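With chain B's structure known, arrange chain L on it following the hints.
Each chain is listed here by its residues.
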Amino acid sequence: MKRLAILAALLAAAVAVPLSFGSSHREAPRILKDPTGDNTDVWAYTAPDAPGSLTVVANWVPFADPAGGPNFYPLDENARYYVKIDNTGDGYEDVAYRWDFQTRFRNPNSFLYAAPTVDSVNDPDVNLVQTYDLYKETYNKNRRLVHTKRIANDAPVVPDNVGPKTIPNFAQVEAGGVTSLRGGGKTIVAPADDAFFADLGVIFDGINLDKPGRPNIGLGNQGGGKDDLAGYNSKSFVLQVPEREVTRDGKQVADMKAGNAVVGIWSTTERKRDSVLSASAAGKRKHPHGKRAQHDNWVQVSRLGNPLINEVIIPIGKKDKFNATSPANDAKNFGQFALNPEPARLLNALFNLGVQETNRTDIVQALLTGVPGLTQIGKNPAAADTLKLNLGVAPAANPNRFGVLAGDLAGFPNGRRLTDDVVDIELRVIAGALLSPPKNVPLGDGVDRNDKPFRSQFPYVALASDGFNSQLKRMEPQHAPVPQPPPAQLP
Amino acid sequence: MTAIRPNLLKLLAPLAAFACALVLFLALGRSGDAELPGGAAAVDVEIPPDASTDQRIAILQRTARDGIGGAEGYASLGDAYLQKARETGDPAYYSRAERSFGAALRQDPRNFDAVLGAGTLAGLRHDFREQLRLGRAAHRLEPGLVAALPVIADAQIELGRYPAAERTLQRMLDAKPNLASYARVSYYRELSGDLEGAVQAMRLAVSAGAAAPENVAYVQTLLGDLELQRRRPRTARTAYLRALARMPRYAPAEAGLARVAIAGGDLAGAARRLRAVSQRLPLTTYLTLLADVDMARGAARAAEGDLEVVRAQQRLLRAAGTQPDAELILFEANHGDPDTAVRLGRRLWTEAPSVRSADALGWALTRAGRAREGLAWAERALRLGSRDPVFRLHAGLAATAAGEPRLAARELRTALAARAALSPLQARDARAALEDIR
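Note that the protein sequences, when read in sequence, are chains B and L.
Mapping of the first sequence onto numbering that gives the first Met the number 0: position 322 corresponds to residue 321, and the numbering continues sequentially without gaps.
Mapping of the second sequence onto numbering that gives the first Met the number 0: position 265 corresponds to residue 264, and the numbering continues sequentially without gaps.
Any given hint might turn out to be false.
Among chain L residues calculated to face chain B with C-beta under 8 Å, some are [to be verified]:
| no. | residue |
| --- | --- |
| 1 | LEU172 |
| 2 | ALA174 |
| 3 | PRO176 |
| 4 | ASP193 |
| 5 | SER206 |
| 6 | ARG241 |
If you want the footprint, here are the derived chain B segments under chain L, 3+ residues with CB under 8 Å [stated by the list, open to error]:
| no. | stretch |
| --- | --- |
| 7 | 74-82 |
| 8 | 317-325 |
| 9 | 363-376 |
Everything labelled a hint here was simulated from the structure, so no lab data went into it.
Please read these numbers as outputs of a predicted model, since none were measured by experiment.
Backbone N, C-alpha and C define an ideal beta-carbon position, used for all residues, glycine too.
Next comes chain B alone, as it looks inside the complex (with noise of 0.2 Å):
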């Protein structure tokens, strides 16, 4: 689930101490953020680099902010990190891969992260050492999990970035950490600057039309944004596999006309199911559902596949539901969302826009059961929230930011490089971009690229900040407007 979240990040942020701790109350804090659980974008590509192979880029700790205190982001040790992929089309994961977690300290009568200077990913200068073994679960066409296969054994985490002083050198400490895999591929964990842009939050003068901050923001086609996730670290899982390995005839993809060609991909985060009391305790506990299913033993915390779903399209009080349930179910759950977008209504009450609000089959298919000839899986593909890729389409020589509403179709919403606007192309969709006939209207939010640079290497997103030398909330330049549809070369 992404972090947006302003408000919802602030009323979350530090309950410093209850006005009665210990025996009395229990002050938990009821905010019920939960960073390592919390993934916040998936990313997922053929690189330019390794042509014959699935890339994907899957976020979780969202702002992770490098400067100012003994602030460490470990992950959940407890907890299980997914990435999933349905290469049949019916919602349901046919290929998963899953990372677990070890954490110990190395000194366990030291309490600090790290110590100067940590020269390596395996230096014993840091403290707090997480490493974890990566699995590639297979299923089959009932659901069942029929293979499991370790790819990755203790592999490193790639400690965060605490500074110069303690580590002088990241980019090497980062490279140690790239993982080989058995059967082929690789993987990093590592912090990362966080890879995606946008203008979170302007202040609204109801009277005053010179936003303050944003004057030159226009439609938001022109830059003037801010961006506020700009100079914030996140985890970054990035995982590449040969394309035998997620296809649903585990062979390499051909074309983009190919019947194996689109896989769905999405990010779960799990945790194990358990007792309030101990089963002697409590005595038995009739399960909620009936028959226990093929996962019972792990409760679903959290999951994301497109960009902004969970933000703009599912309601508030749909969005725990959201994070429990499979993609499978997406049309039975939340189809009249998609269908009758919120956003539409409210571009049409405070702008007049004349946004289509209703019987919205394009968004779906954009998003949900996918592009006829691009992002379809097979003939019937269910209607699931999962970030479909068509491998057989080959890597932009010069991606434009618009992707496919530029006819660069190796962009979003066919998969979602790095460099994908995707707040402005959604936002153009949600207008009507892909209807027939268009409604074009040239909507962004003035933010056009991440702060840092990507790299052309795995693991391709750009480097961790160390704190010291961030940018944050950096203001894009002004420029001239993009109409819509944006042309194929951006300027």
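What follows is chain L alone, placed relative to chain B:
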């Protein structure tokens, strides 16, 4: 069309305000934002994620003053005040929070965050029936969200409705196993006498982590407290130091280290720590422990000074609308007038019939010279199976005074088994009573 901004509708031509629409879209996704259109607009205010509580309060106060922000803005301000109350230990912020939630609810009586915030505030003031009522009301507003369940569970526990609390906690665990759920499950297990299970759950809370370092320090410290009860002061010390590594100067962890010092016989060191802590955060828990330590060290005047601060703090709490709770009643029984404590204890039991209230009333009765009744109530406090050493101590001393030496010896031994979690005077009283029995 929104009523709040008629000016906007005239400005369709430049649409310069457009970018805010994006924010409003994103705002729709955030829990608790008011619905558009038709209701009051949820205006988004810009608060940097790294803003301090004071900065947040300032921005939200301005928003409220300017009449933008709607119910949501007021609810957020209320939550910020609650936050401030926790940071400072100053219950005066409760009144401000109450006014903010009230303003929110006047604008929109169905605002989830306002209802839930008001419920949380009620709990902090020990009005647990109101907390339960509001928690349930919030849950009815958004039955699909888990967020109201912790408030409901907390109230149910304080009201002694343990089976209901267990059901609520199970729902939380089944939906959102995370720090907030694990910490509460741990407490429930502790109340039920399952210390090992309590530790296990608290470890899960620690590994799950939280958005703020403080939340992790909180559960690390609770883990330390549990380890003290399990007679593992070294493990407890590690937990407290880990909490402090995450959040330097975190008061409850400092107090935990003071307890470790007490367990190790270093009363001077314990007093130093507790004095430093209670100067920053004058909580009754720290001050009464400090008074005990001072008495045990022979510093009677210092002890009396500590108790005076407690009395002042209790007056502030009352002025801020906080109902007397078990902690106050125990203080009154130990350092004030036991008959008053009995009176308050009976009222507390009527309001909040929990095992903690039973223990407080029982101890008040014992101190008032009515040991038989005190013993009956002490046993009621133990009905879930708690191994809380203070519950056991109260039961043991009541049994002693009531002429039940066998029972007394058993309870006192159980209390002393967790002596690391007792104050010096409590440990001394337990040992002395046990000696007398032999």
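Checked hints:
no., hint, result
1, LEU172, "holds (6 Å)"
2, ALA174, "holds (6 Å)"
3, PRO176, "holds (4 Å)"
4, ASP193, "holds (7 Å)"
5, SER206, "holds (5 Å)"
6, ARG241, "holds (6 Å)"
7, 74-82, "holds (count 4)"
8, 317-325, "holds (count 5)"
9, 363-376, "violated (count 0)"
Hint 9 from the earlier list is the only one contradicted by this structure; the remaining hints agree with it.
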